[in-house]
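In the order they appear, the protein sequences are chains A and B. Position 272 of the first sequence, counting from 1, maps to 272 under the working numbering, and the rest follow consecutively. In short: position in the second sequence from 1, add 355, done, that's the working numbering.
Think of the hints as simulated: they come from the structure by calculation, not from any bench. A portion of the hints provided could be inaccurate.
What the hints assert, rightly or not - With a cut-off of at most 25 Å between alpha-carbon atoms, the simulated SDA-like pairs for lysine to any residue come out as follows:
hint : chain 1 : residue 1 : chain 2 : residue 2
1    : B       : K529      : A       : A26
2    : A       : K292      : A       : K241
3    : A       : K241      : A       : Q229
4    : A       : K110      : B       : H425
5    : A       : K211      : B       : D483
6    : A       : K110      : B       : D483
7    : A       : K211      : B       : K595
Unchecked claim - One side only, chain A facing chain B, incomplete, derived with CB under 8 Å:
hint : residue
8    : R29
9    : A273
10   : Y277
Glycine included, each C-beta is placed from N, C-alpha and C at the ideal position.
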Amino acid sequence: MPQKIKIESLGIQLPDKALTTEELMAACRHRPRLDLEKLTGIAERRVAVDEYAADLAVGAARKALAMSRYAPEELDAIVCTSISKHHRPDEFSFEPATAVLVRRAVGAKKALVFDVVNACAGLLNGIWVLQGLIRSGTIRCGMVVSGEQNMPLAWTATREVRHSLDRQLAALTIGDCGAAVIVDGSTDEKSGFHWLDLVTGARHDHYCYSKPSARGGGGILITKARGLQIVGNANFPAYLKQALDATGWDVNDLHHVIPHQVSVRAIRQGIKAVKSYMGCDLPDVFLCHAEKYGNTTTASHLLALHDFMLQGRIQSGHNVLLVSGASGIVISHATFTLDDLPERYRAHVNGRGPG
Amino acid sequence: MRHCRIESLGVSPPRRSLFGWTSHRHAVVAGKRCLAASKYRPADVRILVNAGIHRDGHVCEPAIACYVQHALDINVDFHGRRTLAFDLLNGGVGMFNAAHLLTAQMLAGEIQVGMVVASEVNTDRRPDPESTFAASGAALILDLSPRNGDGFGSFVFDTREENADLYTAVVDLKPARGQLIVRRRAELEDAYLAGGSAAVAEALSRDGLRPGDVDLVVPAQISPSFLKRLPAAIGFPKEKVADFTATLPDTLTTSVFLALDRARAAGDLGPGKKALLLACGSGVTVAAVTYQF
């Protein structure tokens, strides 16, 4: 039985400023006629002001370290999984790796550092990478961190969107957030990650991409949303079932499913796809808060974990399934049982005020 | 003890052509050559990591590895045999990081075969004069060596984040389609040499080796001046350091493996020989690892 890893600590850097979908749509030069809030269920998202992607990553990393039993210099690895490397205005940074900037900021003097980029599946991919390093005995503990300043893509969309079927509409659903986890080996058989699997169906690599705009400044996010959703929903339920089977669970063993918070509507359609595949009704275990934060890309699952732990819905001992779909197309699933993290997290956050 | 080894190496070296090759084309050509020389079929590749930094059109999503996986026809459909493709970015040492990760996954029993690709190109229509470099590609297939002792030794990464500003590469998003801006400060080579000295000493120490046990050092071909100063910095005689800078410019992430391919073709490395591979990149990170052929 391979060694299990667990989430030892969590940190979320959520910007204070909220921007409503109505305000964002009002900023569009050519406002599409559709009601984006009604279509997606996203009412607002957070926007980083005077801080950039690296700052969000560093903020989250510091918060994760603040509740961790590990000191910065004890971290053996830092893997940064951000997609949006907007570390300064109107710039996208490829070098140095963002993980180097996090290491410098937190003082993790001996940490192995590099970036892993795999669209919205990046954070789970980063945890999978650390799992291999821990299981092989290469490291003892490590941090996966993302600082997602996605809003520059949304601002480009407000300038370039022309109509209700524009392929940049999905860029109007994203939001900013930083997230970090520290993972190490689980000390008991019951808690920790039971299954963590990612698969790339590269035949579908054309449904979503991001690059600098050809029409003017800024970056763009192009999404063929309908095709992406059809292919994703046709394929992910089988992998979800495989994750449950490999863990030895059925749907009734699940306390929570945390899907990638793409939109409220996308999550509902995903639930329908699973129901159809399973051929049975599902318990009400799917958590959704996309209406409050939009799609925070790689930070999405950890932001949901943070939010629902603070609400008291996620408790120690609960069985959780993470589901992610990302451009590529990458489908990923993780099952884990929580140790006392929810109690420790609530005590930590409430002890020093909301994070 | 079984080690991870390079089962196959494919390269797409810098070339002159009327129409510049894209980063994708270099990666795919290197990948196809690597697969052609391998005993493995594309479907055997469980993990594909792209460690290249500079990509066509500065695409940042999806992972460039997905495009390479598609072009190489490696388990492109869902269900059946599966492949995970992702990008790993860490400047010039990215391919070393990827090989290190795949080694860990193999030792953990997660995978049997992995592939690392990298390619570099600046496709800007009007490139910044200081941000040009020779386009190239390289690909490795890695597996566990069938013979004890062959393959990679201990990977050492020496990161000095206080020097993080000595090498930066950003895409300026103000002009249409963006423009790549690479900036190297004058002290960069000194930082590489200082990191290289420490990393080489640590790599040799971890594997219980002395400089005399190594047949050839294969470093990144940063520049003629760097290669001239490197032997003294790492404590090796000049003739034991592979210097191809007269014909092989710095190609960033692919540099060490293009040089390794040259050294193998020249007969300097082969069965029974021991090499020391040395990569340098932003961060500033210098990576060193011994390799037993």
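- Violated hints - listed by number, lowest first: The structure breaks hints 2, 4, 6, 7, 8, 9 and 10; every other hint is satisfied.
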